[in-house]
Amino acid sequence: MMYHIELLLNGLMVGALYSLIALGFVLIYKASDVINFAQGELVMFAGYIVAASLQLYGLPLLLAILLGLGGMILLGYLVETIVLQHLVGRPVVAIIMATIGLASFLQGLAPFFWGIETKNIPLPISDEPLFLGDILLNRIEVIAGGLSLVLFGVVGWLFTKSRTGIALRAIADDQQVSLAMGIDVKHYFAVAWGIAGIVALVGAIIWGNAIGVDVQLALVGLKVFPVVILGGLDSILGAVVGGLIVGAVESMAAGFIDPYVGGGTKDFTPYVLMILVLMIRPYGLFGKEDIERV
Amino acid sequence: MIHRESGTFKRTYGEEMALYPFPLPRYTVLAVLVVVFAVVPYVASDYHLGLLNLIGIACLGAIGLNILVGYTGQISVGHAAFMSVGAYTAANLVVRGGLPWWVAMPCGGAMAALVGTFFGLPSLRIKGLYLAISTLAAQLIIEWVLNHVTYLSGGVGASIYVQRPTLFGFEMKSNFAFYYLIYLILMGGVVFALNLFRTHLGRSLIAVRDRDVAAEIIGINIFRTKLTAFAISSFYAGITGVLYTYYYGVANYEAFQLPISIQFLAMVIIGGLGSVLGSIFGAIFITMLPIGLDIALREIGFSLLGWDDSVVASIVTQVQLMMFGGLIMFFLVVEPDGLNKLWNNIKDYFKVWPFPYL
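These protein sequences, in sequence, are chains S and L.
So for the first sequence, my numbering puts the first residue at 1; every next one is plus one.
So for the second sequence, my numbering puts the first residue at 295; every next one is plus one.
It is worth saying that the hints were derived from the structure and are not from the lab.
Glycine included, C-beta positions come from ideal geometry on N, C-alpha and C.
Be aware that one or more of the hints could be misleading.
As the list claims (entries may be wrong) - Computed far set for chain L versus chain S, every beta-carbon distance over 10 Å:
1) 329
2) 394
3) 640
Unchecked claim - Computed footprint of chain L on chain S; a stretch qualifies when at least three of its residues, placed anywhere within it, have a C-beta under 8 Å from a C-beta of chain L:
4) 109 to 116
5) 202 to 212
6) 249 to 257
Could you build all of it, start to finish, from the sequences and the hints given here?
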């Protein structure tokens, strides 16, 4: 029984991280209707900037993080102005393909500059596990979970209360009307990408600390889709709940099924779950119900 | 196929609807066929024939994907997985069932069509981005199944070794013999695709792409049309997978992973969506890109930057990925109709040359 609770809790911790990465996806989708297939690559790129500043250039951690922050905001801005701005009004397929192209580009760019070797992001957090009664928890995962929650609070506040957030929600609702009301839509698209970049940076630092920074880090992006489909593409709350569910389900599935089939269940179950959701409730748990059916 | 259109008068409906209404393109097609089947295999070296074989296989897959993405407007990010379904089906039938390749190949295609249609089912309820995500799921699920169900994928390393196809006791061991097999199949694929879009079915595919609601109103059964598109496209993918298997001599899921799916999408986009000729351009371009890049990096790196082999080897993959992604984005932004549009521009220029003011 303890084993099961441990599986569940660890799954939830990882799930919190998935939510965090899915949050970047949802932000971009909400604001600009762009389906970002490069979210995992954004995380990888952020991880590369931080890890390279630490290891190759020997900068202190704080400076490396600030550098990552600047780099990700700049990257988001460039992607938006150079590529995506020109694709407004084009078929969904074109936009999806553009982000797939971006993913491939970033996968080449980061190791081209900073090498393919796995790098570490050492954080001043001890490796010792936490004990909750008899249950063993990974310290970094607990901190990551907490940090995710804080970040969600901040983004939630940003979206409901701040001027930027209100503009972003207006754009998500109706681009033309927003333009007519004097909202600089292009500027706010870039802002959305910038925020998504920051969120990716936080994910990258935590995830990169756990598994190291190399091109494999981008694979976490593949987990984003089950999470956002489950939670609803345009719902921040959905990203949280979806992430937690996906994390828990895959951890449990890995614990129960892996011994029989020899591993790999973790990569597989979220997608089966997702296909089921797509068949039954394509707009997800908290998504807007305006999916077009033909 | 640069030609003048004046002076050709059509007297019957049949002439109007001909695939090549003008005489010059007809001769050009004939000339291309002669070059492909009678000149190239005798002139090219074994290495170049190997490359041409790869290009031929890629062309077939790209045409199939273009039928789905370019003509029907449904995206598939799982095309490589459908290829692997064809590959493993044929490999199993040949190795375990002892069937000849000309039975196994269509069976592989049919199996891929079946699986492709199954994963196309969500397209009836959802479209666009949801479909992209659900085909992505197809890719990952099929990969996982092949990797873990050893009954299907032949145990260690999920590889099944096959021999080159034989015909009347002659084994097509050389690239030369295999060249004919691939290009004959490719010819069949091209002819089918070109003619498909002159039939009722082909036009309903285009109608579904252009405006699904309007298509339904004029009496097209969208349900059936979309699934047929998935079936045809996956059949092409299955045959492509079988050909890859025979070419490499082994069916292995690693040859059909997500990056390959994206490579095929890149072919279709760079070549030109909704064009058979464009698919061929794209397949040639993407297949040659790594080779050309390797040569270019060596030439430039050795002479100008003083690199050696190890430096080139260490960056070539990254440069390739960047070129890939960069080109996809470039074509989407600058020339959404791809290489095919550039080709048409050249044709249009020469149509009135040397009197461009006419």
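Here's how the hints hold up against the structure:
no.: 1; hint: 329; verdict: holds (33 Å)
no.: 2; hint: 394; verdict: holds (34 Å)
no.: 3; hint: 640; verdict: holds (24 Å)
no.: 4; hint: 109 to 116; verdict: holds (count 4)
no.: 5; hint: 202 to 212; verdict: violated (count 0)
no.: 6; hint: 249 to 257; verdict: violated (count 0)
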